[in-house]
Amino acid sequence: MIHSLFLINSSGDIFLEKHWKSVVSRSVCDYFFEAQERATEAENVPPVIPTPHHYLLSVYRHKIFFVAVIQTEVPPLFVIEFLHRVVDTFQDYFGVCSEPVIKDNVVVVYEVLEEMLDNGFPLATESNILKELIKPPTILRTVVNTITGSTNVGDQLPTGQLSVVPWRRTGVKYTNNEAYFDVVEEIDAIIDKSGSTVTAEIQGVIDACVKLTGMPDLTLSFMNPRLLDDVSFHPCVRFKRWESERILSFIPPDGSFRLLSYHVSAQNLVAIPVYVKHSISFRDSSSLGRFEITVGPKQTMGKTIEGVIVTSQMPKGVLNMSLTPSQGTHTFDPVTKMLSWDVGKINPQKLPSLKGTMSLQVGASKPDENPTINLQFKIQQLAISGLKVNRLDMYGEKYKPFKGIKYMTKAGKFQVRT
Amino acid sequence: MSSNSFAYNEQSGGGEAAELGQEATSTISPSGAFGLFSSDWKKNEDLKQMLESNKDSAKLDAMKRIVGMIAKGKNASELFPAVVKNVASKNIEIKKLVYVYLVRYAEEQQDLALLSISTFQRALKDPNQLIRASALRVLSSIRVPIIVPIMMLAIKEASADLSPYVRKNAAHAIQKLYSLDPEQKEMLIEVIEKLLKDKSTLVAGSVVMAFEEVCPDRIDLIHRNYRKLCNLLVDVEEWGQVVIIHMLTRYARTQFVSPWREDDGLEDNEKNFYESDDEEKEKSDKKRPYTMDPDHRLLIRNTKPLLQSRNAAVVMAVAQLYWHISPKSEAGVISKSLVRLLRSNREVQYIVLQNIATMSIQRKGMFEPYLKSFYVRSTDPTMIKTLKLEILTNLANEANISTLLREFQTYVKSQDKQFAAATIQTIGRCATSITEVTDTCLNGLVCLLSNRDEIVVAESVVVIKKLLQMQPAQHGEIIKHMAKLLDSITVPVARASILWLIGENCERVPKIAPDVLRKMAKTFTSEDDLVKLQILNLGAKLYLTNSKQTKLLTQYILNLGKYDQNYDIRDRTRFIRQLIVPNEKSGALSKYAKKIFLAQKPAPLLESPFKDRDHFQLGTLSHTLNIKASGYLELSNWPEVAPDPSVRNVEVIESAKEWTPVGKSKKEKPAKKFYSESEEEEAEEEESSDSSSDSEGESGSESGDTGSSSEDSSEDSSSGQESETGSEAEAEGKRAGKRNSRLKRKSDSEDGEKKNEKSKTSESSSAESSSMEESSSGSESASESDNEPVPRKVAQAKERKPQQERHPPPKDVFLLDLDDFNPVSTPVALPTPALSPSLIADLEGLNLSTSSSVINVSTPVFVPTKTHELLHRMSGKGLAAWYCFPRQPCIFGDKMVSVQITLKNTSDRKIENIHIGEKKLPVGMQMHVFHPIDSLEPEGSVTVSVGIDFCDSTQTACFQLCTKDDCFNVNIQPPVGELLLPVAMSEKDFKKERGMLTGMNETSATVIAAPQNFTPSMILQKVVNVANLGAVPSGQDNVHRFAAKTVHSGSLMLVTVELKEGSTAQLIINTEKTLIGSVLLRELKPVLSQG
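Protein chains in written order, with this note's numbering: chain H, 1 to 418; chain E, 1 to 1091.
It is possible that part of the hints are untrue.
What the hints assert, rightly or not - SDA-like cross-link-like pairs, simulated, lysine to any residue; straight-line CA separation at most 25 Å:
(1) K628(E) <-> S27(H)
(2) K103(H) <-> K417(E)
(3) K277(H) <-> V923(E)
(4) K417(E) <-> D333(H)
(5) K18(H) <-> R104(E)
(6) K337(H) <-> R377(E)
(7) K64(E) <-> D104(H)
(8) K372(E) <-> H3(H)
(9) K413(E) <-> T336(H)
(10) K336(E) <-> E186(H)
(11) K18(H) <-> D416(E)
(12) K103(H) <-> N91(E)
(13) K413(H) <-> D416(E)
(14) K64(E) <-> P136(H)
(15) K406(H) <-> L392(H)
(16) K413(E) <-> V276(H)
(17) K240(H) <-> V923(E)
None of these hints come from the bench; they were simulated from the model.
Kindly generate the complete structure, drawing on both the sequences and the hints.
So, in C-alpha cells, the structure goes:
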C-alpha cells in the first residue's frame, strides 16, 4: 500500500523520508513540486497526483506536506486518513507538529513510523499502543535515560494490542480518579446580506479526558438523545447499546480522546447567537469607501459571547483602511488585504463597532463584490443545540471518580455575506 | 530449522557472527575510502568508532545519528558492516535502530545482510511475542532473494503461532515475500488459505490484504470464510475493515444476483428513502420473485453500523458497498454519513465530494435533502468549490432551481474569478437541463456581459453562445448586444464565440454582420489564431448570403489569410477560397457551399465531467483519477444466476456449540427482536419440533452478538452457520406466510427433520428454557384454545371486573357490531386457518422465551368492545367496515398492532374481490394486509385481521379498501392505548425499571375525583379501558401500578396511580417514549377524574 513518505516544508525542501518497501527515489517529488507550482496556493494542491509509475497522495497540515507514494490501486481515503493519523500522532507525542520539532525528534519519529506501518499496511495507530511501544520524549525521561541508560522503547507487546479493548492498556493507576467531558459545538453558518440564514449546521464533539484506575466501564446518558441522529463514535462505544437504548456505554481509553462527534443538520433550526450589522460601500468616482460594522448578540440564552474576532478579506483595490474600533484592536495588512478585528467580549449594552474609511486605488473601478466577513466567537456553558448530559455512571470499579462536564459553543465556519 | 538454512549452519553462535562481522568490516572498509566527499568520510569514521565502542550509549548515539542521516535521505550505506554487527545487541533501542538501518540498506548490501539472518532466526523462537513478531518483520523486509526459502519457512511457522500478533505479522510477510519472489505464489496461497480461517480479529484485515495482493482472483478461498468475515467485521481494526469491505463488495458482485429492479426509477427511490431493511425486503418479495440471498443481506446488515465509524475511509468503504450491492432503495442511508464527512479536512472533503458527484448524477434523490450542505464558502479552496458546484448542478431540478440560482448569483460575484467562471458554466448547464429556467438564465448571463471582469464576461459569452445554439430563434437582441461587445472584449475565446454566433445568425442581423466583418478585417492581423479562423468563417458565410455587400471585404480577408504565419489559417483560407469563389477549376462541391457552411448544427451537450466515472468502483484511486490505476480490480457485473450458495456453508462443530443462557442479558434484546419475526412464522412450519425452532431463534440473536462478543474460536465457527440458518428460515418464513397451509405442512416435515438434527445438542438447554416459560404462557394458550378473548392468568383475581364491564355494552356500539363481535373473538386464527389453537400456544411460548426476564408480554386484562367506523355504508356504496383492536399480539410481526376489520355488505348485490389497495403510510410504518375476499353476499359480513406497525406513533395509516369496481380511501388512527402490549412484572421489577426511567422520561399529573372513583376495581377498570396495560400486583393499597411495552420498539410504559389524601390522586407515567407517555397521560387523566 503505502510505499514511502516524504515530508516537505513550505519552501519545498524534503526534510524527512521513510520507505516501507524498496526505496523510491526522492525525484518522484518533482511531480509534486510541479503541481504545487501550478496550484499557486498550498491549499489548492490536488491531494492525488498521478505520475508515470507512482501516485502521490498528500495532506497539508501545519504548513507541512505529507506526501505518500503509492504504486497500486488503494482507496485514496485510506491513505489520506492514515496520513492525518500520523500528524495527529506527532502532535500527541511532541505537543506540536512542526518542522523543527520533527527534525529534533527524528529518531522517535522514525521509530513511531516504523511501528505504524508494516509493508505499507497500518499496524498500530492507536496512540495508547504506540505510547507503550515507544515512549514519548519528555525532559525528565531524557535525563533519566542518559543516567540510567534505559530507553524509550518498550520491550513487551502492549497489552492492548491483543485484548478486546485495544484502546486501553491494563494496569492504569491514578490517585485522583477523574473523568472530564467537554461538549463542544461549532456553528457553521452562512448568513446573507439581509441577515437571514442561508445555511446553518452544528458540528459537535464530546472530547473526554478520563484518568481512571483499572478497567472502568462508563455509561453516559443524555437528556435528549434524539438530537443525536448523525453521530460517529470512538471505537470504544458499544454501538448496539446506543442503537437500542440511546446510551453511550464504553470502556474509555486512558487519557484524552474524542468520544463522539455529531452533526445537527440544517433541517433542524439552528439558533444563531450573533448578528452583524454592516455597511460597506465603494463609490465609483471617489477613491474613498465607507466601512462600518457592528456586532451584537442574538439568541444567546443569556450567556455572554466572548473571544469575538472578525476577519475579512478585502478586495484587491483597497489600499489602506483607517478605522476606529469602539473596543478591541484591529489590524489591516495592506499586502494580503486581510482585515482582522479582535473584539473580545460583547457587551449587550454597548455594542462593539468598527467605523472608518477605506482608501481605494485611484483609477481602478470599484470591486463588484463586497467582502465576506468571517466571525469567530465562543460561548461558555452553552451547547447551542440544546444537548445535555443526563448522568454519568461507572461500573466495574469500586472507587468514586470525580466527574465534570463542560459545555461550549464556538463559531465554526461562520460567514456573513455583505 | 537448522536443516534448511545454510546461513544458519555456518554461523550458529552469536559471538561467531560478530567476529565474522568484524572480518567483513576490515575487508570492506578500504572500498569505502574512495568516498567522494572526504568530509563525509571523516564524519562516518567517527561513527564507526562509536559503533565499535563497548559502551551502549555511544552506540546508541551513533545509531541515532545514522537514522537521522537516513531520514534526510543521505547515503549511509558504507556504514553497513559496522552497523550490522550490532544486530544482536542487548539494548532494545539499538536493536530497533539497527533493524531500521537493515531494512533500508539490506537490498544494496545483500551479502553482508546475510550476516544478520541467524540473529533473526534465533529471535523467531523467542518466548516474547513482540520479539518474534519484530524478527519476522525485519526478516521479511530484507529484500534479499537468497533468503526466500528461509522467509517461506518462517512465514509458515509464524502462521501457526499461538500469538495472533505474530500471525498478523505473518500475513504481512506474505505480501513482502510475494513481491520479492512471485514464484512462491502457490505456497503462499496455502498460507493465506490457512490464515483466512483464523478467528482472530487482529489477523483478519491483514490476511485479506495479503489475499488482495497475492491472489485476488481466488474467490473460492473466501466462500467458507464469508460469514465469519461478515460477523467479525465490526471488531476488526479500522484499516482492516476498509480492506475487507472492498474485498467483500467484489465478492458479492460475483456471488449474488442483482437486487436492483429494472423499473427502479427515481421516484421509487425517493419514496423509500428511509425504509428499514426488512420492510424493503418484504416489499420486494411481494413485487417479484427475487429474494435476497440471506448472505447478501448479512453483509449489508453487518456493515451498516460502520457508517458511524470515526474513520472516513471506513465510512467511504461502507458507502461504496451500499452503492454497489445493496438494493437501490436502501442506499439512501449512506448520504447522511457522507455529508458528515464534509466537515473533515480538505483532502477528505475532496475525495468524498468526488464520490458524491458521481453518485448524484445517477441518483439525485439521495443527496437532495442535503443540498445546503454543498453551498460554497468563500474560504473553501478552489478545488473544493468547483466540486461543490458540480454537485449543486447535478442536484438542480425544477423545485430547487430558483434557490440555487440565487445562490449562484453570489458565487458569480466571488473574488475568486476562476470559481466565478465555473459558476457561469454551471448556470449554462442548469439552463439546458431545466427548460423552465432557460430564459431566466439567459437574461442573467446577458446582464453579466456588462460585468467589469473580463474572465466573467468571456465565460458568459461562451455559455450564451452554447445556449443560443440550442434555440436560435428570437434572440436577435442578444446577438446585437454581443456584437457591440466585440469592441471592448479581448479574451480570444469570447471573441471567437461572438463571431461564430454572428456568422451563424447573419441572416437575422443583416445590418450588423457586414459591419462587424468590416471591423474585423481592420484588426485581422493582430487577432489571435482562434479569432482569425472565425473571421474567415464569418466572411465565408456572409459571402454566401450577402455577397453584394461583403464580396470585397471577404476577398481582402482571404488575401490576408493567405499570407498568415499560421499553417492552419493558410490552410483554411485556401479551402474556403476554393469552395466559395467560383472559378473554372472549382469542383462540384462549390454548388453546395451554402449548405456546407450554413447547415443546421446540433447543439452542444453540456455534460458533467463526472458522467463517465461510474464504471469505476467508488472510493477507489481509479475513480478519483478517472484512469485505471495499476492493480485496480474490476467490479464484475451481477451474475444472471446466482452461483451455488451452499459453498458458504461451514460444517458445524457440534461439540463446540455454546449456548447463551436464557434471558442472559438485556443487551441482546435488539438482536432478538430482529429475529423474532422469523421465529413466529417458523413456528408455523415446524409444528413437530418447537424446540428446534426455539434454538434457531436464539442462535440468530447469538450470531448477531458474536460480532461484539468473542474471540472464542469454536463459538465463532458455529455462529457463522447459525446465522445462516436463522436468516434462511426468516426468508422461508416470509414466503411461507404467503403460501397456504398445505404447502407449509409439506415443507414442515422436511425442515423439521433437518433442523432437528442440527439442534440436537442444544435440545436439552433450549427445552429447559421453553419449559421455564411454559407456566407463563400456559394461561394464554388455554384462553386461546377456548376461543375466549378474556385471558385469565393475570386477571384471575380480578376477573369479576372485566366481566362486569362487558355486561353493559358501551353506548356507542351498534347492535350489528355486537353480532359481529363474537365470531371475531377467534381473531388470530381467522386469516390463517392453518393455525390451530395449540400451535398458537406454542407460538406464544416461543415468543416469551426469547424476551428478557423482565419484560414478559402478558395477556390483556380487558378487551374493549368499542369499534370504530372505517367506512360508512353510504360512502362505501354498500360496503361498510368497522375496525377494533383485539389487543392480541399480532401474528404478522411482533412490531405490529393487530387490527380487526369487520366488513359488511349492506347493498343488495354481491360485492366481489374486497382487498386492500394502495397504502399511503407515513415513513417507517408498514402494514400486513388480509387475503383478498373473493365475494361477500348481501347482508353477509366477514371479519379479517390485519397487522399495522404504527412505529409507536399515533399517525394515521391511510390505505385504500378496494372492491372489484371501486376504491375507497380509509384510514385508521390508533388510540395511544392500543399501541401497547401488557406486561407482567413483579412489583420489585417495576420499581427497578421505574427507577431507571426518571427525569425526562417521567410525566405526571394530579387527578381530582370523588372517593368512590378511587376504589381499586374502578381504577383498574378505567385504566384498562383506555389502554392495553397489564396490572402489576401491588403491596400497598393506595398505589396501583400498570405496565406495558410499546408494540414497535418494546419500550416499557409504566403507569402509577398513587392515591393521596382527600380526593386527589397522582398519575405518573414513566417511559422512554415520552411522546406517547404524555399523550397517554392526557387520555388517562379525564377518564380517571370523571365519575
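Hint by hint, where does the structure go against what was stated? Just the numbers, ascending. Of the numbered hints, 2, 3, 8, 11 do not hold.
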